[in-house]
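Trainee: Each chain, letter by letter, is given below.
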Amino acid sequence: MRNLISIEDVSPDGWDALYSLCREIIDRPGDYVDACRGKVLAALFYEPSTRTNFSFQSAMLRLGGSVFGFAEPNATSAAKGETLADTVRVAGSYADAIVLRSPLEGAALAASLYSELPLINAGDGGHHHPTQTLTDMTTIARLRGGIGGMTIGICGDLRYGRTVHSLILALSKFRDITYYLISPPELRTPDYVLARLRGEGAVFFEVSDLHRTLPELDVLYMTRIQRERFGDPAEYDRLRGTYVLRRDALDAARRDMLIMHPLPRLEEIAPDVDGDPRAVYFEQARYGMYIRMALLLTLTRLGREPAAPVRTAAQNGGAVCPNPSCVTRAETYLPQLSREDARTPGRLYCEYCDGEIK
Amino acid sequence: MRNLISIEDVSPDGWDALYSLCREIIDRPGDYVDACRGKVLAALFYEPSTRTNFSFQSAMLRLGGSVFGFAEPNATSAAKGETLADTVRVAGSYADAIVLRSPLEGAALAASLYSELPLINAGDGGHHHPTQTLTDMTTIARLRGGIGGMTIGICGDLRYGRTVHSLILALSKFRDITYYLISPPELRTPDYVLARLRGEGAVFFEVSDLHRTLPELDVLYMTRIQRERFGDPAEYDRLRGTYVLRRDALDAARRDMLIMHPLPRLEEIAPDVDGDPRAVYFEQARYGMYIRMALLLTLTRLGREPAAPVRTAAQNGGAVCPNPSCVTRAETYLPQLSREDARTPGRLYCEYCDGEIK
Amino acid sequence: MRNLISIEDVSPDGWDALYSLCREIIDRPGDYVDACRGKVLAALFYEPSTRTNFSFQSAMLRLGGSVFGFAEPNATSAAKGETLADTVRVAGSYADAIVLRSPLEGAALAASLYSELPLINAGDGGHHHPTQTLTDMTTIARLRGGIGGMTIGICGDLRYGRTVHSLILALSKFRDITYYLISPPELRTPDYVLARLRGEGAVFFEVSDLHRTLPELDVLYMTRIQRERFGDPAEYDRLRGTYVLRRDALDAARRDMLIMHPLPRLEEIAPDVDGDPRAVYFEQARYGMYIRMALLLTLTRLGREPAAPVRTAAQNGGAVCPNPSCVTRAETYLPQLSREDARTPGRLYCEYCDGEIK
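Residue numbers (my numbering), protein chains in the order written: chain Y, 1 to 358; chain A, 359 to 716; chain S, 717 to 1074.
Hint data in this document are derived by calculation from the structure and do not stem from the laboratory.
Heads up, a few of these hints could be off.
What the hints assert, rightly or not - Taking beta-carbon pairs under 7 Å as the criterion, some of the chain Y residues facing chain A (in silico): (1) MET1; (2) LEU21; (3) PHE54; (4) GLN57; (5) SER58; (6) TYR236; (7) LEU239; (8) ARG247; (9) LEU250; (10) PRO264; (11) PRO271; (12) GLY275; (13) ARG278; (14) ALA285.
Every value quoted in this text rests on a predicted model; they were computed, and no experiment measured them.
Just so it is clear, CB atoms sit at the ideal spot from N, CA and C, and this is done for glycine as well.
Given these sequences and hints, build the entire structure.
Mentor: Pasting the structure below:
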């Protein structure tokens, strides 16, 4: 793995190596305070994301490396009309690895085409966010002694929630996991995710009642319902309060259940849950820092490599992805990259945003 | 001391230890370039404050530590609806100490309830700003050889100026200090501050003429009159030009008088004073960095400690502080914390902002 | 050299020393990872400039030093009414060197009057930008083995483009350079720049056709036509597309020609040029980091020196420069500094912005 664009870039062996390094860092942090000495990370955040930004920054700093970058679009050269490709190449001139956050779907893949440095996707719109999934996997692995062999409930917006899709895809590679997918009917898990579970022969249940499901769970993964994913504000207001976990409901849960959340949380976990020892969402944030340390240490060792020559949109004929949030709509020089899918013959999908191209 | 919320958290012994370390750092800075190696500071500035932010950052960096954080509210997760408590816990997952600046009174105390890390108040609205007071004390101690045994004039807005109140409370613990409190009648020192001076048996005079007082002084502490503290702009405009110190007025002052100012200054010290050797306000800024180095070095050694369980507002009955700038008005889950005061029996005061609760 | 305000501050010997150090850093970067350990840079950017800011930050970080500062005006103390002089003195209290970027012409010279630390101009409006010129010189010297003895074409806005003027002034000190100055008639090189070329006996041609000139060139320096330099938007729209370099035009150029650009580029270099080995504009950005490393290492060794006493505007009589972008218009306390020019006897020029004072 040179670039981390999607959690699918992490092979089972890749995960084992990463988590093994992560455990060493957790257990002997003092051995790593100079591990990235002299290395510099470029953190390009085209939209604010305090938590993810802090996590990457502190990860790099704790390895003895350093960080430069921007935290919001106003401070960027995009205001001077510079393309993403050029910003990545210039920032790449100064750094040893790049972390990119963008509101545009496919931005990380697009940027990686022009990057001489390893590039990490820190979120591309509602599309991928692989280091969140690594965070979740690390938390489960560390606190349960492994990932396989558990019953996990995943609750909230399972339709639009990208962290949930990535998590399920990643977990599907492990054995003996039973899934309770807890959502209102309007926010059910998309078919392509369920198809993966079926393909791996996993046991899963789609349910809508959190409290009845609670006693079955080894892990409860709560998510917030995000306003920005809804076209219709009325639908958001109707659904946002569907699931609220309160302290008293936990009496019915296992004593060693883990309550996880990608944060920030809104009202879906009441503050009185925070004091319960099963609430591990703040520890989870800390594990996110540790796995990012392992990731940055691994990738910054790879060094600079010339980017492969990229065809331009003009050379390609310039077919256009219809998804208005796709990076190809804003960065019009990008080559068209598309693929077919064996399950839906005759249809074309955009490589950047995975949307269907008609 | 684990948290520095108010200057009252610094005991006389605490001050001696801190200043003693500070002197060592000033005299042998080379011994400390790695003192915080591997340590990370979270600097959470919910309102911009260049000077304070720079001072903390450079302090941490000069100890070989590093810093992440935000410098203004737009870049924060607060925009996503996250509570102060959660932001502090998440940032605390990544760091070794937290510095917090907020426009809300009591924000630092509120944040400390949820923090596993030592937390430093870098200003909570018009309430406390203890590291400014430490800066002032360090400057006097270093340039005069000690704090007691002097005549100090404090000039400007003594009513709303929080740095002035803290400074007086801190100085009141030292011996043989005579105070000239120089202000227009509208901006006199509040009673609770004067009560402290009386209680310690200190000699003080409330006067309104700066130039007649000048010859008496060992230290002149000028402050600016801050627009943001006035409800009525006309009153601000009337009072802002009351005191202007010019070079020629200094002929009447002692040759070794110190002219101090917390900065930024507006028109209250004319630029022609800057060249006078008695003008030490820029040196004062530098001493602010040194004492913050001593503070950060001391606090980052304390390590992580579980936060005590916090009752929620709901559990508490949810009484409300009437001060619109109190942190409890924005962070509504906070427990009500109040205290009585022996001098005003029957009245309740808010622990966060010190305002009266009826 | 203590301050770098204009490229004219770099003597031929100064350049030799700087470039020689730069070459060592490029060839043995590992020897310099601790060269600025314990040193802190203040980066004061009163207007956003991602590229320049990143370049200085990464330069300092790669030397083992650290950086604090602001990246845009909103986050600054200027909002509290603080003068440039005070901000420089306070930031200088915490740092070992200062980098300043401002939209005001002459801001760097003004700031240097009050600075105890070495100060570097990272751009003062449309006036000077000396580290860009150092970047250009380093690129040519490194990739051609030296600066003299070449034919260079400089193309685009030669009238308003400050990087071009500085570059020509700097190159004029080297021998055997032939210049092709390629621009539309409206954007010709100013007379004072041409006068310098004539004074040094250089051979130069003013032409308007890029493609006919291309075969003559060892170096092609492209620039963008900047919207912000034009009073009349219609004139900008008419001229912006004058020069566009495309891949197929390069067939007529020398095989070892260097294509340079200060970046960001807009449409003046088509994306299909990027893959050509003659396109070195991204390498150029990297050389900019290296020469800034050499500069920062050299200047941070100089230490703190008291600023010379500065007369105030009031003491000076307060004559006013008529240039509305001159720093003296915003910072009214600045002393008037003017000079005569032997070539135009009887006229006075502002030392800050070089504008004529009538």
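Trainee: Give a verdict on every hint.
Mentor: So, going through the hints one by one against the coordinates:
A least Cβ separation of about 24 Å between MET1/Y and chain A goes past the 7 Å threshold, and the interface hint is therefore violated. With its C-beta approaching chain A no nearer than about 18 Å, LEU21/Y sits outside the 7 Å limit, and its interface hint is violated. At about 5 Å, the closest approach between the beta carbon of PHE54/Y and any beta carbon in chain A falls short of 7 Å, and the interface hint on this residue holds. Below 7 Å, beta-carbon pairs count as interface contacts, and GLN57/Y has one with chain A at about 4 Å; its hint therefore holds.
Below 7 Å, beta-carbon pairs count as interface contacts, and SER58/Y has one with chain A at about 4 Å; its hint therefore holds. This hint is violated: TYR236/Y has a C-beta 13 Å from the nearest C-beta of chain A, more than the 7 Å allowed. With 7 Å as the threshold, the beta carbon of LEU239/Y stays out of range of chain A, its nearest partner Cβ sitting at about 16 Å, so the hint is violated. Because the smallest distance between the Cβ of ARG247/Y and any Cβ of chain A comes to about 10 Å, over 7 Å, the interface hint for this residue is violated.
Taken as an interface hint, LEU250/Y does not check out: its beta carbon lies about 15 Å from the nearest beta carbon of chain A, beyond 7 Å. Hint status for PRO264/Y: holds, given a least beta-carbon distance of 4 Å to chain A, under 7 Å. Taking 7 Å as the C-beta cut-off, the interface hint given for PRO271/Y holds, the closest approach to chain A being about 5 Å. Here the hint on GLY275/Y is kept, as its CB sits about 5 Å from the closest CB of chain A, short of 7 Å.
Checking ARG278/Y against chain A: minimum C-beta separation of about 14 Å lies over 7 Å; hint violated. The closest approach between the C-beta of ALA285/Y and any C-beta of chain A is roughly 4 Å, which is under the 7 Å cut-off, so the hint is satisfied.
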